[in-house]
Structures are given as C-alpha cells and as structure tokens.
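One letter stands for each residue in the lines below.
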Amino acid sequence: MEKPRDRLTRGKAGGTSWRKWSFNHVAALVIGVVAAALLATLPQHVARPKALLGRVLSGLDPALFPEAILWALLALAVAYFLLAGRLHELNLFRTVEPRGFVNVGVTIAALIAYAIALPHLGFVATGAILVMGLAAFYGNRNHALTVAIGALVPAAIYLGFTRLLHVSLPEFPFL
Amino acid sequence: MRTRSTARQLFGLALACLLALPLARAADYPEKPITLIIPLGAGGSHDLNARVFTSVIPTYLGQPMVVKLMPGAGGQIGTAAAAKAAPDGYTLIFTHNYIDQLQQHVEKLPYDPTKALEAIAQINYAPAAIVVRADSRFKTLQEMFEWGRKNPGKLKFGHSGNWGAFMVPGAQLLGEAGVEATFIAHKGGGPVMQALLAGDIDFTGAFPSVISAQGDKIRVLATAGDKSPYPGVPTFKELGFTSNIGQMTRVVLAPRGVPEERKMVLWDALVKLNKDKTYLSLMKQLGENTELMSGPDYEKLRAQQKEAYKKLVEQLTK
Amino acid sequence: MWDFFVQGVGLALRLDTFFMMSAGLLLGILVGALPGFTTTMALAILLPISFFLDPLVGIPFLIGVTKGGIFGGSIPAILVSIPGTGASVATTFDGPALTKKGQSRKAMEMALYASVFGDTASDVITMLFIAPIALVALKFGPPELGAIILLSLVVITASATGVFVKGLIMLVIGLFFGLVGQDPLGGVSRFTFGLFDLRSGIPLLPMLIGVFALPEVFEAIERKGAAFLAGHVAGRQGDRLTLAEFRRCFRTILRSTGIGAAIGAIPGMGQVVAAMVGYTAAKNASPHPERFGKGELEGVAAAEAANNAVNGPTMVPLLTLGIPGDNVTAILLGAFIAHGLRPGPQLFQDQGALVFAILVAMVLANAMFLVLGYLTIPFFAKLVTIRKSLLLPLTVVFALTGAYVYQSSPFDLLLMVFFGVFGYVAKKLRFDVSPMVMGFILGPVLEYSLGQTLSLAQGDFLGFVFVDRPIASATLLATPVVTYLLWRRALRLRREQAARAAAAPAHEH
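Chains as they are written, first to last, in the numbering used here: chain A, 1 to 175; chain B, 1001 to 1318; chain C, 2001 to 2509.
None of these hints come from the bench; they were simulated from the model. A virtual CB, placed ideally from N, CA and C, is assigned to each residue, including glycine.
Example chain C residues on the side facing chain B (calculated, C-beta under 8 angstroms, incomplete):
(1) G2186
(2) R2199
(3) R2342
(4) S2408
Computed cross-link-like contacts, BS3-like style, restricted to lysine-lysine with a CA-CA straight-line distance of at most 25 angstroms:
(5) B:K1187 - C:K2139
(6) C:K2427 - A:K20
(7) B:K1217 - B:K1227
(8) B:K1237 - B:K1306
(9) C:K2139 - B:K1217
Whenever a hint applies, use it, and build me the whole structure from the sequences.
Next comes the structure, spelled out in structure tokens:
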C-alpha cells in the first residue's frame, strides 16, 4: 500500500525550485487555451434567445452565464499558471509503468467498442464479449469460469432488468 | 465437469434461439413486450397516466408494455428515438400535442414528426385552466387582462416550462388579448403552483386534478374545453377567444409504417381497455377523462394542430 | 394535533402494512444497488402495485422503496465506487478505500446505521415541526434558492482536497459542463457542438459513474498483467463495525442529520447536495481532514446520514401544500390521488390521522430497514472477494449498464467513457473532482433561480432581493463571512500541518 510521495513536500516557497517547469504549467496552459478558444467562438456555441411578443423570453441572457464562467476559467488558469511553480506535486502519471498505459488504453478502447456495438449486437452478447475479453486480457486463466460468468451475468442482468423491472435493454438481434 | 456444464448451457441457449425464430410471425403480434417511450421524466402527469394504462393493458394485449423514460430537450430526445425505431409495432411513444407538433416550429429537429410518426390513438385530454391565488385582486380573466394592458410587462405569468402545456395556452390568450406580460419559467407544474401560492407570480395554468387538490386556496378564472367543469367559471370560447386553446391531448404514436393488422391489434386492446373497470376508476381518481380517439381521427386533428402552432409561433416570435 | 398523532399510530400498526413495507424496503435495497437505476425509476415501476392496495399499505410500500433505495445505492458505491443512485456520490469518496482495506462490511454497516439514524431522526423532526417546515418550504422561492446554492458552492469549494486554485478550477469546469444542452430558462441550445444527443445536457449518473468508478478500474489495472493472476481487490471482508467506532462517528451523524433535514426542507436541493454538504461539514469539523477520501469511516457516516435525513422534510410540501418537491414525491402524489386522497391543505384538515399514520409508518419502516439491511450486508460483502481479473470486467459491465439504463441512450456510454478518462487524468494530475460534480449539479439551478429572480424583480433586482426577500439577503450577506472563516481555518490547518511535518520528519515513512 505504499504510495509515491511528493518530492519536495516541504520545499521552501520562493526557493530555487519555483521556476521549474511542471505538469501544473501544462495543465494550466491547456485549460487556459480551451477557455480562450471557447470564449472566442462563444456566439457559435450559444444560440440566440427567442423573442416572445416582442420581449425576450427570459430575464437572463443565455450567453451571460457561459461568458462569466469562461472568463472565470481563463482567469483561474492564469492564476494557476503563475502559482504552478510553487506547487510541489508529483505527476502521478510518472508512477505508471508503460504496461499500465497499455492496459488502460485497451480498456478504454474496449469500452468505446462496447458503446458502438451495443445497439447492434444486443445487451447480452456485447456484455458477454466484454467480460470474457477483459477477463482474459487481465490475466484470468480459468477459462471455463470466465465463459460461465461472462455468459451468465449479462444474461441475468438482462432478464432482471427487462422482465422484473420492465426496463428495456437492447435485445439480441436474432431473438 | 464445469466446462461440460457450460457447454451444455451454451447449447441450450442456441437451441432456445432457434426455437424462438419461427414464432416471430405477424399473426402472433405481440409476441414480446412492447416498449412505450415517454419523452418526459418520471413523476409527471404523463408518467402517471402511462403507469395506469400500462398496468392494465397487458390483460388485453397478452404482453407487457414496458415504459422507457427518455426525458430531455423538451421531449425531443424521446421523440427522436421513436422516430428512428423500426415500424414493427414494438416501439411506441406516449406523448402530447405540444411535443409532437409544436417543437418543430421552434427548434431544428433531426426528424419530421408528421412524416416519421403516425397516431395509434388519443388516450385522453386535459383542459388547462387559468388560476390565481384565492386572495388575488383579479376576479375575472377580463379584469386581469385589462390591468395587464394598462401596465405592460407588470403581469407575472408563471408557466411549467417553455412551449409546454401552460405556456402555450397562456401565450395564446395573452397574444389574442394584446397583453404584454412577464413570462416566468418553472420546472414543472409543482414548482409553478408553489410560486403561485407563495405569491411570487400573478397567474398560472393548472389541470383539474391539481385544482381540486388545492381547494379554496386558488381561484379558477377561465378554462379550456367546450363546457366548463367549474361552476360559474367561463370557458375561453365563451370569453370570445377564437382559437382552440388549452387542450393537452395525450396520444400514442408509432413510427410510420406499422402493418395495418398490428395497428388494429393495438386499437382493439385500447378499446377494450377503455371499458375496463379498474382502468376507468383509476383514471377517475386521477381526475383524467378517458376520451379515446382513433388514430385516423386524431391524424385530422394533428394536421390542424400543425397549422395552428405554426401560425402561433410565427405570431409570438416575430 | 396530538389526537391525530394517537389515531395515526393506531392506523399504522397493521400487519399487512408491515409486510408490504418490508417488501418495499427489500426491493428498494436491491434495486438501489443496481447502478443507474434510480429510486425514482424504481418507484415509477412499482407505483401500479400500490394502485391495487389499501392506501395505508400501498403508500408505506412506496416509502419503503424510497428508503431502501437510498441505502441500496451506497452498496455499489462502497464496493466498486459506482454510485448506485446520485445520492450515494459522496459515499464513493471513502467507501471504496475502506473496501480495499478489507473493511467493506464495516463500511456498509456504518452506512446502514447512519442511514437509519438520519432517516428516523428526520421523520421525528418532520412530525414535530410539520407546520414551520411547511412555511419554510413555501417561503423558499427562486431568490432564496439561488442564495443558498451560492453559499453551498463556496463552502464545498473551500473544503476541497489539495490546492485551492485547482479546486476552484474544477468547480468552474463543473459549472461549464452544466451549461451543455438547452438553457434552463429560454430553451436555447448551448455548447452542443452540433450533437443532437447533447441537447438534453450531460446526464448526471453516466457522468458520476464515469468520474468515480472508471478511474478506480483504471488504477487497478496499471500494474503488470502478472499481478492480476493471484490478485484480489481485497481479502476477507469480515470486519464488523464496533460500538466504539459508531460512537466516534456519532457527532458526525448528528450534524449530517441536521444538514440533511434542513436541505430536505428546501425545495429543489435534494439528496445529492445534502450528501455532499454533510460530507464537507464533517471534513471541516474533523481534526484530521487529511484522512478524508482515504478510507475514513466518518466520511461514509456523514454522507449516508445526510442523504437519508432529506426524506422526512421532503414529504412536507407534498402533505401540507399538495406540491411535490421532487420526482420521488411526485410519484407518491400519484399514489395518493389514485386512492382518491388529494394531498394538500384539505387532506391535512380532513384526514390528519391518515397523514400522521403515514408519518408513523415512515418511522416504523426504519426499524424494519435496520433488520433487512443487516441481513443483506454479508451477502454483498462477499461479492468483492472474487478474483480481480473477474471483478474488474464485471464492474465495467455494471458501470456500463448503469450509464445506459438511466436514459436508454448508447450515446451516454460514450459520455461515461469520456468522463472516465477525464476523472482518471484529473486524479493523476492531483485535481479533486468533487467540486466539479457540485458545480455541475448546482450551476444550472443557480442560473435558473437567478433568471427567475430577474424576471420576478422586473428590473429592480437589488431592491427586490434586499427589501422583499429577507431570507435571501441574509444568506447572501452571510456568504462572505463564511468564506472568510473557512479561509482562516484552512490557513491555520496548513500551518499546523507544516509545523507537525517540520517537528517530526523522521516519522513519515
């Protein structure tokens, strides 16, 4: 249960390390750029309010909140950037082994594939494939158990939701 | 041991699939549960009506009707899903006239409601009434509108949501009477009634069930419909308003192209439902009528609505 | 009033009431434990059953479902960090960390006791103060709601873990996500980027599941493949809650109950906010706020007591004014009127005994709740002891199912994955996502109430708020004071921590 500790947790503020470029600078930049881009293109993102009987439908301009929020985000990003040199935090991505990134990447790809396949293959089949595939990928070697659980659990969820709870889930295309 | 039993299960599953195939014939419709999309959230009057009729109709259909709540974007999300569904009679939508026919005039939609959907039946309708707090200085609708004309923008009209069941009739009335009022949106009928009771707004709309629950706390000024159910309260028509204002019709639509015999199965079940004692008594308790109308009849009404709402939106937003 | 109460007790003590209430509780716990399946959906589905029952059986049945559902939602939150319902979001802050330590049973027991206590106490408060609560509910219009939300946002942001500016950024990002979809007042589309599915906005549960459950899964698979073969997320999950632990958390439970009941009395806030505020308050009051989020039992207790304490007061507007404050009470209203009872001032005068019978039934339901929850916990605790290489894929399937059933939309699955990646990156880069969730939930309500207030004020905003609405103006004036106090506290804590670290550097391993 050992956790990687921050380097320089007790680093003196204003010491020599404050100039150091860190992930916090990058994060601040990314947030700031996104906020600025959204602000610049704001009219494209907010439809024009409708007038009703010659009056605006609501007392509040629909662009007001977005504008305020984005300006606040931009200002905070600037502040964050200026403070970033004084934050001595460890970027936790550095603790991930390369194999870890592969694992996470494959899982994310599997999730996206699931979302795309669900309406076409139905809930049970997609769920079974996902469980079996991920279990095998994560290193489960008891294949009989994997197949059994992969087939039964999605089917049980499907039956429970559709029959008992009357919630519809995508069905088998062939049933 | 374990592997073998798994293999057997898989074989059994495959067998079940094969056996199920020949069953899927039109004559046996419905041979699986029917999905009923509701383009609104749980707990509203629409949900409640749907719960009542889906709890009784399996007796006459031989299959359950499964409610699928798809709220969002003023009903557009659920309607879009229904419009995209296969016209096999297994996906229906329970919606109302404003979502069905008005949305197309105020928003760009990814579907054409008239082309994509057709009516199976109108289940019932609810007449909206204009109500004020019992201690309001306005005793009649004309009085209130007269005051509103003299004080443009001062009259506060609270409604349950944009282009919804109270906002549309309210806008129609105000438009015809030439009154400028402040529209204040609320999230549903409950919050707007609370705002009325708290005195935040001057008037709002309400349906019969809510009006009877509030008793003497509120006063009805005028109501939709041909005949007023409230003693001494005039209808909009009696007050000289011309257009057909304030009827919210609750309808079942299907993706266009469902085979004729399947539509008949559904209609027959609805006709039988409309004579069911439990159904009738539950609807009566809810304060809803059971004015069933056939799909073809409703299509005529739908065409009229389309034109009327188009004109209304043009008038209101010019 | 007293007569009504005595008659009510008589009416409520029935065997069939008891039986159906227990059935409702059990169903609620099971259904609440299914991710994505909210209490509202469970109620809507079970509502027709109550049509065919006596009102004093059918309504307690539905109340049982509500209570059970909120506790049920905390089960997957504790075990696999999937909030079963929105109300259990704050439970995911400490629950899963306890599970990793092998203390899931302890955590679930704490959740149960805190839920039952919060629920019972709030029911009693409701019975005693039904008239004042009704008055508060009526007095809380848009300006008051807006002011309260502003205050909650400040409090929660100020107490976020980690660097303050990063907490603020997450809050603002949450506010931004809340903008996506149709604007609450005028219905115009904002930030939908041409996607029709985004018009209805970002759905809450897929976002919560993505942000809280997926990063846990990703972190579990970061190590090499070989680590999974023998791996279990946690070993035996047998540890029981001790009396000493319960007693240690009792102050927190009391505080959360008060917060939950107060928030329940305000229409438009709800369980999610109650749980978050209750959790934050516990963290602020604790001498060890740094332990929160790392498996602190008090955190579970705080969240669970608060979200259940909402239940009592939310019934008040329904019973006294006939106005449902949220979706759950809207469905209960349906159950009432299907029986020919019309909640509202009329019902309270004519059938006071019945109203009190229902309130008494709510208290009795809690006793059953305790027993049923106690019996189901060991079963759930066993679930997480299965091998990690199977538990994780199953968790993923559950998360996906939960995200899907909420609105039956495959698009929501992609949103969930997006928020999963977002949550994972945020975690790695040391951002606390809880302010984001708060901003997301409260932002639209804030905009809505501000817009309504502007319309109500008819041009004279300041005059309206500060002259006509004393509650709103008092809350607004209190906000800077509270901010200042929290800020000073945060500074003091940081100094203390620095001093401690300087004094005993060798102690830290």
